[in-house]
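These protein sequence lines map, in sequence, to chains A and B. Heads up: take any position in the first sequence, counting from 1, add 1237, and you land on this note's numbering. Heads up: take any position in the second sequence, counting from 1, add 1237, and you land on this note's numbering.
Don't read these hints as lab results, they were simulated from the structure. The structure displayed is predicted, hence computed values, not measured ones. Treat each hint with caution, since some may be false.
Where chains are identical, the list cannot tell them apart; a pair therefore holds if satisfied intra-copy or between any two copies.
What the hints assert, rightly or not - With a Cα cut of at most 25 angstroms, we get these calculated SDA-like pairs of lysine to any residue:
id: 1; residue 1: K1364; residue 2: D1256
id: 2; residue 1: K1308; residue 2: D1425
id: 3; residue 1: K1308; residue 2: D1256
id: 4; residue 1: K1421; residue 2: D1374
id: 5; residue 1: K1421; residue 2: A1338
id: 6; residue 1: K1364; residue 2: R1258
Protein chains: 2
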Amino acid sequence: MNDAREVVVLRYGHRPGRDDRMTTHVGLTARALGADRVIFPDNAGQSAETVRDITGRFGGPFAVELRDDQKAIVREFDGVVVHLTMYGERVQDVETAVREAVGLDEPEAPEEASPPRDLLVVVGGEKVPWALYERADFNVGVTNQPHSEVAGLAVFLDRLFDGAELGREWADADRRVVPEATGKTVIDA
Amino acid sequence: MNDAREVVVLRYGHRPGRDDRMTTHVGLTARALGADRVIFPDNAGQSAETVRDITGRFGGPFAVELRDDQKAIVREFDGVVVHLTMYGERVQDVETAVREAVGLDEPEAPEEASPPRDLLVVVGGEKVPWALYERADFNVGVTNQPHSEVAGLAVFLDRLFDGAELGREWADADRRVVPEATGKTVIDA
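Input sequences plus hints: build the corresponding full structure.
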């Protein structure tokens, strides 16, 4: 969503069949709420196809990747790693620090702004390895209650971008929904 | 979450098997992010059981109901009805009006505060009837992009409560997660 910084969502783990819809929703939520790219495990081809199809119809830019080296992606990521987990620090306590770390903060003096850094947001599916907790720059809990990785990702992205993601424009869409008080209007884009 | 006002989430439509996890996640998200009660269609007994089980272990108060009269619930609801749909008005444009309608606004002069009213948040599953669009006081889109009803609900609740839901306390829990920078600590509550 931002030229100088890439926000990537990594879905960690996927059980074909059982997780298909959740993984698809992780990808669609990442796209709709301002991430630039989602990485799925390579056994999540069906979810990747759905997210690419939606991007083709409703616009981008948004990239979908299938990779078999989740551990290496996390280990070698050149930027800030956030791991969303119910065991993490409270999002309301660390969101400012995350924004500062990737240069999304707005300091009082502009010359004190942090440089833009890429951000990897890891969303657990199956059990994630302990190494992920250790590698993450921030383990973040959107509440410390069990709920939904999709809900956690959504609230995290909305707070990361401070709502700016809701106003983004879409390129190369072939259709567009017109927001309405009462209606279901879709027009050619 | 609030003594004077009940926030109820209604999951509209459920296909057993196919929707089980999504419906469960709607319920868990409603609980974690400040709603007081969730209503599932009566064929979603398995999801209801899971949400009740989590409430028993991690605390409440939070109620789970199974009902077979979804249309009547919406039609007869004594309060404000919000329908989350990608065709609706943009959440950033209407969230203040919703907060005012249920008395969650904070006007400059306290005597101008709206009285608390109950709120029904309808989350579509299967195709919802046109009557729902007409009955809703607000059709609200968390983006006008196709993504996830769980993500939409999460962002809507976080904005409705202005983040206050993240600090809520839980009663009658038998366990509690301790937020940590690196760790997975659960203690007896």
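Structure-based check of each hint:
| no. | hint | verdict |
| --- | --- | --- |
| 1 | K1364 / D1256 | both (13 angstroms within a copy, 22 angstroms between copies) |
| 2 | K1308 / D1425 | neither (41 angstroms within a copy, 33 angstroms between copies) |
| 3 | K1308 / D1256 | within (19 angstroms within a copy, 30 angstroms between copies) |
| 4 | K1421 / D1374 | between (42 angstroms within a copy, 16 angstroms between copies) |
| 5 | K1421 / A1338 | between (40 angstroms within a copy, 24 angstroms between copies) |
| 6 | K1364 / R1258 | both (18 angstroms within a copy, 17 angstroms between copies) |
This entry does not satisfy hint 2, going by the numbered hints stated previously; all others are met.
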